[in-house]
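Q: Below, each chain spelled out in residue letters.
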Amino acid sequence: MSWAEVKKVNSNMKTPLNTQIANAMYQTAFLITTTQTWVVPKTGLYKIICVGAGGSGGNYSTQTGTGGAGGVAIKNIQLTQGDSYNLTVGSTASFSNICSATSGGGNSWTGGTGGIATGGDTNYTGNNGNTINAYTTVLGASVGCFIQSLSNFYTDSRIYSTFTATMRSGYGLLGLGQSGGAVNLTSNTGALFFQTSGGAGIIIQMIEEG
Amino acid sequence: MYALIMNNQVVDIEKREINLSEYYHIDLIPHFIECDDTVEIGDTYTDGVFSKSIIQEQSEVGL
Numbered sequence: 001m002s003w004a005e006v007k008k009v010n011s012n013m014k015t016p017l018n019t020q021i022a023n024a025m026y027q028t029a030f031l032i033t034t035t036q037t038w039v040v041p042k043t044g045l046y047k048i049i050c051v052g053a054g055g056s057g058g059n060y061s062t063q064t065g066t067g068g069a070g071g072v073a074i075k076n077i078q079l080t081q082g083d084s085y086n087l088t089v090g091s092t093a094s095f096s097n098i099c100s101a102t103s104g105g106g107n108s109w110t111g112g113t114g115g116i117a118t119g120g121d122t123n124y125t126g127n128n129g130n131t132i133n134a135y136t137t138v139l140g141a142s143v144g145c146f147i148q149s150l151s152n153f154y155t156d157s158r159i160y161s162t163f164t165a166t167m168r169s170g171y172g173l174l175g176l177g178q179s180g181g182a183v184n185l186t187s188n189t190g191a192l193f194f195q196t197s198g199g200a201g202i203i204i205q206m207i208e209e210g
Numbered sequence: 001m002y003a004l005i006m007n008n009q010v011v012d013i014e015k016r017e018i019n020l021s022e023y024y025h026i027d028l029i030p031h032f033i034e035c036d037d038t039v040e041i042g043d044t045y046t047d048g049v050f051s052k053s054i055i056q057e058q059s060e061v062g063l
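So the sequences go chain by chain: A and B.
Under our numbering, the letters of the first sequence match residues 1 to 210, in that order.
Under our numbering, the letters of the second sequence match residues 1 to 63, in that order.
Source of the hints: derived by calculation from the structure; they are not laboratory data.
One or more hints might be untrue.
[Claimed, not checked] Below 30 Å or equal to it, Euclidean Cα-Cα: the simulated DSS-like pairs (lysine-lysine) are: (1) A:K75 to B:K15; (2) B:K15 to B:K52; (3) A:K75 to A:K42; (4) A:K47 to A:K75; (5) A:K47 to B:K15.
[Said to hold, decoys possible] Using C-beta positions, here's what the derived DEER-type ranges look like: (6) A:T34 to B:E34: 43 to 53 Å; (7) A:T35 to B:S51: 22 to 32 Å; (8) A:G44 to B:S51: 18 to 28 Å; (9) B:V49 to A:T34: 27 to 37 Å.
C-beta atoms are modelled at their ideal positions from N, C-alpha and C, and glycine is treated no differently.
If we strip away everything but chain A, and leave its shape as in the complex, we get (with noise of 0.2 Å):
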């Protein structure tokens, strides 16, 4: 079908087709981030991400390390519509017996370590905090998810207020298992932080129905 012909079919429907296979891709993909008994909805392929959280940031009274990343599994599986699955949400991320994710460690003077993923057709390891200097006001974050790290962040202090609204504890899609622990300087002096860790979370979507 031609561009033309794409457009002669849109403007004859009430709801043009792009954003009819918008709305249908949206409707397929799924977020999980609490623990929950998920039923399929229709027959398919799905891909399964299992993201697990981020271990906690260093502090400034500890001067422990930066978190390890979550483990993140990623797994591409057939499921039957009305099939229902348990999937747990906590430090872990876990797709029934499937596949899971762990989180990162944290509480470390040397970085937490990153957490695993099994089951998937692809586990990564979340990557290894680091080690932090709490005295030159530079702080520690935790990280949960395997894109990211922080291991740059810290060698300058005003680098965070870049990312503290997306390094924070995270919601939603953008917070799933991306974000940490971010540090938050008032001033040279007196320092805020946070030691929330990044969330875990599953993100369910159909590839392919039938």
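On the provided structure of chain A, position chain B as indicated by the hints.
A: Below, chain B without anything else, positioned relative to chain A:
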């Protein structure tokens, strides 16, 4: 109640009375250790004994 142990550290607590093998991948099951309700995430587990993290205790004092 079970603690999930990775690298001698408690990284998660499972409080539900469930069959773990129905909720977690089989590779994780050996990492779950039965524990009491005093155990918390961040505690250490060494030689069969849970203990509070020294860092965690200092953190509480510092805060």
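Q: Next step is simple, just say for each hint if it's right about the structure.
A: Status of each hint after checking the structure:
no. : hint                       : in the structure
1   : A:K75 to B:K15             : 27 Å, holds
2   : B:K15 to B:K52             : 19 Å, holds
3   : A:K75 to A:K42             : 18 Å, holds
4   : A:K47 to A:K75             : 6 Å, holds
5   : A:K47 to B:K15             : 28 Å, holds
6   : A:T34 to B:E34: 43 to 53 Å : 25 Å, violated
7   : A:T35 to B:S51: 22 to 32 Å : 28 Å, holds
8   : A:G44 to B:S51: 18 to 28 Å : 48 Å, violated
9   : B:V49 to A:T34: 27 to 37 Å : 33 Å, holds
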